[in-house]
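Protein chains in written order, with the working numbering: chain V, 1 to 493; chain R, 1001 to 1096.
If a hint is listed, it holds; no wrong ones were tucked in.
As a list, the in silico DMTMM-like pairs of lysine to aspartate or glutamate whose alpha-carbon atoms are at most 25 angstroms apart:
id	chain 1	residue 1	chain 2	residue 2
1	R	Lys1046	V	Asp101
2	V	Lys168	R	Asp1043
3	V	Lys168	R	Glu1049
4	V	Lys129	R	Asp1043
Part of the chain R face toward chain V, derived, beta carbon under 7 angstroms:
id	residue
5	Val1044
6	Ala1055
7	Ile1056
8	Ala1058
9	Thr1059
10	Arg1072
11	Ile1073
12	Ile1074
13	Leu1077
14	Ser1078
15	Asp1079
16	Arg1082
17	Phe1086
Note that these hints are calculated values from the structure, not bench results. The C-beta atom is built at its ideal place from N, Cα and C for all residues, glycine as well.
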Amino acid sequence: MITEDVDVAAVLDRVQTGVQAFDELVMGGLPRARTTVVGGTPGSGKTVFATQFLAHGITTFGENGVLVTFEEPPADIEANMLGFGWELAKWRKGGRLGFVDASPPASDELIIGDFDLVGLLSRIQHAVKTVNAKRVVLDSLTQLFDHFIGDPKILRRELFHISSALKKTGLTVLMTAERNSEYGEITRHRLEEFVADNVVILRNVLHREKRRRTIEVLKMRGSHHAEGEAPFTLLANQGVVAVPLSSLRLEQQSSTVRVTSGNSEIDQMCGGGFFRDSVTLVSGATGTGKTLLVTNFLAGGVAAGEKAILFGYEESKGQLFRNASGWGADFAQMEAAGKLKIVCLYPEAQGLPDHLLTIQSLVDEFQPNRIAVDSLSALERIAPDTGFREFLISLTSFIKKREIAGLCTATSKSLIGGESVSEQHISTLTDSIILLRYIQEQNIMHRGLMVLKMRGSEHAKEIRKFTIDGAGMHFGDPFKAVPNVFTTDDAAR
Amino acid sequence: MTNLLLRLYIAGPSATSRRAEQNLRRLQDVAKAHNGLEVEIIDVIKNPELAEQAAIIATPTLAFEHPVRPRRIIGDLSDVERVLDFLGIDSEGKKA
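Bound conformation, chain R alone (with noise of 0.2 angstroms):
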């Protein structure tokens, strides 16, 4: 089975950021079950050519880099079961 890939692009140290870092983590734990995901953060203000090559605008924005449908959600994360219904990835873990 093929690895999710989950980008977070965050901006520094920003109270938004810090709160969409912690909402992942909840997603994860919730998500936990589920075995290949993977969550990598970038920094735009550190890395932004890695920015410019997403073309990322807004921060926070996580990235389901997924083969056929890349889905993209903006905002602090802040509503973790929508997160995971836009995903597709249910709480029990398994692939929609």
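In isolation and in its complexed conformation, chain V is listed as follows (with noise of 0.2 angstroms):
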């Protein structure tokens, strides 16, 4: 038989779901001519995601679809999908999208002995043919099994066989299954073992008062994926957007070109400026400049003809510019020559996925040349610490990946010495640190900055003193005999 050869030439072949870091972290994209079960919860995205493996078909590939229903009729999901921007009804009706309504009929039924799903099989083989399709879903495979419920050996085999039936024409099928807990057994009925060759599993977890979604990539036979969860939201116009976990791949470019940090003191304590696309943390108590620092590096870009753009979620926008005109940098003016974006947003007005791809879609959208986030402990605040640190590394990945200059901040919670946990996340995920402190010499507070880290270049070591005025930050000697403040608590004690 050749159908051995078909199916280990197809498994190369990858069809893209439409949710793009999902494709990434299962190598491209489903196999084709498989069958992936889609596990969750009630309410944890299975529908969407599975409408949107047909929308992104029919959209952008011009492969059609049948979406075989049996729960809602195709009417409510025709209209439950509109909000997400998918025209099912649309489609339907340019013959781009066949539906098969296998939803329980309202007559009496009863089963006495023996049956088959042949009668369903031959209406989506049809629904195949008169739509042409490539893609297929079945939603969900829970409600049939609640309609046969005394049947499920019945149900299996025939499932077994739908599946094949459909792998066999080339078809790529999705089929969702309902999940009875968050992490628990699959699929309700055990269905995964028998009809899948790749199982997903969405999450919607309840963690800390907040809603986590994620997308975990359980098995896929016969070729490599990505472990763990992902998070993911659900959009209006979009659907499923997961957030990329750039851990997979250090693959950005190192660029060596220079740019200014907008304080020519601070360009030269690091051996010439910042890198092109390198992260910089800047670390330091309240009130020791790291909105000033934030302020230079935003001017200085623009004063070089650069575009920059900020994500503040501490103060508001008047206060920055009031901040930024205090030292001697209209913001208002550079703003009004769309040569800087001010996005100002309360942590607590959305989950930390979609803080990332607020981000992301500004960025994609001003294109600037560099990104200050101020500050990151604000965003700490509200996410639970696995969220918090998947955040941090697709943000820095991300900057890295456009090859813009990043800036960070992050407040220690100490005044003097210290460190913050943000720190503990970033430290390792940045290129740069720089430690702003309070220093004490005798009876005089000092502010102390320290370059503690600069990836691939040299940079001062010294501790230098500094003070703020109205032109800014003005640097004094280094300083001679300081406690000691720029070690952690541990190390201090």
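Build the complex from these two chains, which are given one at a time in their own frames, with help from the hints.
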């Protein structure tokens, strides 16, 4: 039989789902001519994911689809999915999408003896033929099991039969199934064991009063895939948008082009400025001058003819403008000239994945040369630990991928010395770290700045005294004998 | 008196479909006295659009197109007594 050969060749061919970051997790998309079971608790986004798979095929690749629905009638699905920008009704009328309505019939029903699901299969095949479909979705198998509740064995056999019959004709099949709990058996009735080449799990976990949606590839037969849960969100007019976990690949180019920090002294201390595609962390207690550094960074970029964007999570736009003008930078004028964009958001306004997507979409829209985030500590407030780490990884890799210069701030908890949790997370992810600290010398409190780390470059090692006035930051001499405030709490103890 | 229409949806030459056809013939014999029992057999593989119209999922399905209370029986109809009972046709051939 030649089917064996066809099968092997088909493994290499990938079918994009339309959830970009997910496709990256599975090395380009779902394998063609295979069956994937998508499991999730009610409300985890299974139908949206499945519909997106069809919509993406229709709109992007001219691959028509068939949607087999076991629960809602097609009219309801068409109405529900409009919010995501998918015009199912239009596609149906245009012959690009076929429906098979397999919701339970209104008439009385009795089951006597053995049966099969060839009736359903021939309807699916008929619909596939009518629209010349390449993708098929069955949503959701759990309703089918509930319909034939007394005969799970027959259903397993028959679903296996349907799955293999569809695959044989080169169709890529996606079946959804319900789960009882977020972390437990994979699907109710354990369907995945007999029909699925691949298993994907959608989760919607309540953690510390926040909903966290994730997608995980549990199994991908004969193929490599990334492990672990990737966060995603459901957006109007887009559907499922997964957040890429960049830990996957460190493929960014490293450039040796330097850009100014906005302060010539700091440029000097860094060996000639920041690298163009690097992320710098500025860490310091409140009032040590982090926002001033951010202001310099933005104004310096604009003065050098670059475009800059700031995401502020602590202060309002008005406050930022006032601060800047206090240091001689006219943000309003820069913004009017289209050189600067300032976005102020409450951290609590949305979840971290949504914040990340906001940043990404605004950066792609504005196309800045540099980006500042003030501050990471404010964002850290709203997320459970793993969520924050994922956010940082994604953010830093996004900044590097776009080859723009990034500056992030983190607030230390204690006024003198100490470290913040963000630092622990981000210190390995950022290329450079600048520490700002209060330093007591006899009866005077000074501010000190130190370049702690500068990946791939020489940098000044001394701690420089500085003052802040109406013209900005002024550096003095290095400290000669200072208490041990730049190391961690632990080391100081 | 209006004729009663039974439609049997089968899937080609499968074993269960053949059994259902045999059982339906037995059923017709038992209910012979009943006048207008009409039986139509539809192969869903040959006529998928008819299966689509009738929203057939499982095969064999016996559809009793009753004007007031349509009823369906899924399976090979191996228990003729239960089939008749569910359809409301007693073995003497009187319509219940």
